[in-house]
Amino acid sequence: MNMKEVAFMRVPTNHKTNKKKTAAPGLSNDRRLAGMLLTPTLLILALLTLFPIGYTIFISFSSFDTFGKFTGFAGLDNYLKTFTSGVFWSSIYITLLFTALAVGSQIFLGFNLALIMSKDGKAMKYLRWLLIIPMMLSPLVVAIVFKLMLNTDMGIINYMLQGIGLPKINFLGEPVMAFLSLVVVDIWQWTPMVFLIILAGMQALPKDPFEAADIDGASKFQTIRYVMIPMLKPILIVALVIRTMDALRTFDQVFVLTQGGPGRATETVSFLMYRQAMKFSDFGFATAGLLIVLVITIIISSLLIKLMNSSQSAN
Amino acid sequence: MAVLTQKPGGWRLKVLRASFLTSTIIFVLFPLYWMIITSFKTDRELFADKQTFFPKNFTWQHYFDPIEGIFSANNPFVGFFVNSTIVAFASTLLCLTIGSFSAYSLARFKMRGKRNERISFLILTARMLPPIVIVVPLYLIMQQLGLLNTLWAMLIVYTGFNLPFVVWMLKAFFEEIPESLEESAMIDGSSRFMAFIKIVLPLAMPGLVATSIFTVILTWNEFLFAMFLLNNTDVMTLPAGISTFITQYKTNWGALTAAATMSILPVLIFSFMVQKHLVKGMTMGAVKG
Numbered sequence: 001m002n003m004k005e006v007a008f009m010r011v012p013t014n015h016k017t018n019k020k021k022t023a024a025p026g027l028s029n030d031r032r033l034a035g036m037l038l039t040p041t042l043l044i045l046a047l048l049t050l051f052p053i054g055y056t057i058f059i060s061f062s063s064f065d066t067f068g069k070f071t072g073f074a075g076l077d078n079y080l081k082t083f084t085s086g087v088f089w090s091s092i093y094i095t096l097l098f099t100a101l102a103v104g105s106q107i108f109l110g111f112n113l114a115l116i117m118s119k120d121g122k123a124m125k126y127l128r129w130l131l132i133i134p135m136m137l138s139p140l141v142v143a144i145v146f147k148l149m150l151n152t153d154m155g156i157i158n159y160m161l162q163g164i165g166l167p168k169i170n171f172l173g174e175p176v177m178a179f180l181s182l183v184v185v186d187i188w189q190w191t192p193m194v195f196l197i198i199l200a201g202m203q204a205l206p207k208d209p210f211e212a213a214d215i216d217g218a219s220k221f222q223t224i225r226y227v228m229i230p231m232l233k234p235i236l237i238v239a240l241v242i243r244t245m246d247a248l249r250t251f252d253q254v255f256v257l258t259q260g261g262p263g264r265a266t267e268t269v270s271f272l273m274y275r276q277a278m279k280f281s282d283f284g285f286a287t288a289g290l291l292i293v294l295v296i297t298i299i300i301s302s303l304l305i306k307l308m309n310s311s312q313s314a315n
Numbered sequence: 001m002a003v004l005t006q007k008p009g010g011w012r013l014k015v016l017r018a019s020f021l022t023s024t025i026i027f028v029l030f031p032l033y034w035m036i037i038t039s040f041k042t043d044r045e046l047f048a049d050k051q052t053f054f055p056k057n058f059t060w061q062h063y064f065d066p067i068e069g070i071f072s073a074n075n076p077f078v079g080f081f082v083n084s085t086i087v088a089f090a091s092t093l094l095c096l097t098i099g100s101f102s103a104y105s106l107a108r109f110k111m112r113g114k115r116n117e118r119i120s121f122l123i124l125t126a127r128m129l130p131p132i133v134i135v136v137p138l139y140l141i142m143q144q145l146g147l148l149n150t151l152w153a154m155l156i157v158y159t160g161f162n163l164p165f166v167v168w169m170l171k172a173f174f175e176e177i178p179e180s181l182e183e184s185a186m187i188d189g190s191s192r193f194m195a196f197i198k199i200v201l202p203l204a205m206p207g208l209v210a211t212s213i214f215t216v217i218l219t220w221n222e223f224l225f226a227m228f229l230l231n232n233t234d235v236m237t238l239p240a241g242i243s244t245f246i247t248q249y250k251t252n253w254g255a256l257t258a259a260a261t262m263s264i265l266p267v268l269i270f271s272f273m274v275q276k277h278l279v280k281g282m283t284m285g286a287v288k289g
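Chains as they are written, first to last, in this note's numbering: chain R, 1 to 315; chain P, 1 to 289.
Just so you know, the hints here were simulated from the structure itself, not pulled from any lab data.
Ideal Cβ positions, reconstructed from N, Cα and C, are used throughout, including at glycine.
Hints should not be assumed to be uniformly reliable.
[Claimed, not checked] Simulated restraints on C-beta separations:
#1 M231/R / E176/P: 21 to 29 angstroms
#2 K306/R / G189/P: 42 to 50 angstroms
#3 M160/R / A73/P: 32 to 40 angstroms
[Said to hold, decoys possible] Here are some chain R residues pointing at chain P (derived, C-beta under 10 angstroms):
#4 M136
#5 D153
#6 M278
All chains should be built: construct the whole structure from the sequences, respecting the hints.
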């Protein structure tokens with residue numbers, strides 16, 4: 001949108017005058033109305049995203065004292081500090097590993113669940129609603145419930161482990177277990193969403209190829225592998241894109257369940273930056289790190305979206 | 001669809017399928033069940049060596065006890081609930097008003113070149129930003145505007161952050177309404193804008209309702225922004241408020257699970273109402289649901 005159009009939009013009575021002039025509005029009127037209807041959204045988004053990002057860039061080149069007060073420009077110091085910080089790269093590694101494990105499992109489980117649940121019927125409808133409850137809940141509440149269940153002393157999971165003669169496990173106190181617990185919580189909450197997306201995709205598939213495969217005597221497994229999955233590819237990628245973008249920013253569960261610990265075993269990028277900014281007032285480090293994260297997110301997202309577009313045009 | 005179920009599978013496959021489904025249902029529902037029954041147990045039973053799968057002495061004390069119940073006068077829970085309700089409904093109303101205009105514009109008007117698609121994509125990128133990238137500068141900005149610890153800050157932030165979602169959802173709903181209906185209204189002398197208000201909006205009502213419910217749920221569940229921007233229990237929303245229950249010295253699991261149960265109740269009711277539109281909602285209309 002150019003500046004001229006923006007200037008026009010500030011006149012609130014525009015559409016009324018248009019109304020009198022023409023019974024069937026021409027193209028130019030439409031264009032003006034189109035811009036007018038779009039402006040508020042674009043303005044708000046610019047204010048709430050572009051402006052803060054600009055501010056972040058400014059902070060990332062500044063230095064602060066221990067109370068978080070601006071003390072001057074720092075050049076590339078903050079970036080150097082972040083780039084050479086082992087903590088930063090380990091949090092990136094943890095976030096990527098977490099995303100790969102969680103999203104991979106969700107796609108696998110969601111696909112199989114959709115295969116089973118793709119029958120029609122009223123009972124299925126209510127069962128479906130039951131299965132998708134987790135994704136409607138606040139991640140914070142979900143994390144609290146799992147924190148209760150994973151508790152070493154009074155948690156029900158350890159109680160059941162003992163019941164079958166196994167030793168107690170300190171789920172949130174051991175590095176590997178704490179990390180896996182976070183992955184399981186993510187799987188619990190978000191597999192339903194993947195399931196639902198894939199199910200919608202399956203229900204929209206044409207029937208002919210399956211009948212043809214049936215006549216050709218293909219086995220069930222072959223039909224799934226060579227007929228269904230290729231046709232579902234665009235949907236699978238949509239699920240992958242949406243989940244990956246969300247998993248990369250995981251924060252709530254870490255905040256409740258582990259606070260990044262034990263040590264730094266579960267410190268995702270989001271949590272590290274929270275800690276640097278809010279606990280240590282290290283805004284320079286945090287903002288420089290955030291901008292690096294932003295660039296990484298944009299690269300991953302655009303790669304995935306390219307994949308999505310190419311698979312959609314191929315179909 | 002029944003494409004894969006036409007063939008009679010072997011009994012082995014049927015058993016495998018049934019057990020996978022059963023264990024999934026248990027895996028999904030058990031944490032919810034556990035949360036709810038924990039809120040009805042007495043403290044003694046909660047911390048007992050022998051765990052019970054159903055409360056032995058069923059109690060409402062974590063809800064209605066005049067001293068420690070979450071509904072008692074000195075407990076901030078009711079305040080959290082009220083704050084969440086105000087913020088969720090106000091930002092949804094604002095979002096839907098602004099968002100429906102923009103969605104209509106993107107769904108109907110063909111702009112020069114590929115500008116439509118480009119603007120839609122631009123709006124989507126705002127959604128892709130990790131909130132943590134935005135929240136630190138927003139904190140500093142709100143501090144300078146004097147809006148820290150106010151619901152105004154939350155209203156502004158949530159309106160902005162739900163807008164991309166609302167625009168994409170409504171765009172998908174508007175695109176399903178045939179354009180000929182507005183054209184006939186315009187031939188009868190109404191303006192494009194009035195045709196939108198009088199013809200398109202009523203027809204898109206199911207979509208508007210579904211979108212608002214999603215927006216309410218998204219706002220209701222949001223934690224990161226609320227935690228950063230609200231430090232005072234008087235203004236906290238539910239997730240931020242409930243999180244203060246655990247960071248205290250000793251966790252009161254009875255009250256905590258009671259608060260958690262109460263906070264998910266509206267979401268359960270709402271999600272049941274929108275289940276038909278869930279796929280569209282979760283994919284922002286990218287996949288037809």
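Next item on the list: Go through the numbered hints given earlier and state which of them the structure violates, listing their numbers in rising order.
Entry: Violated hints: none; all satisfied.
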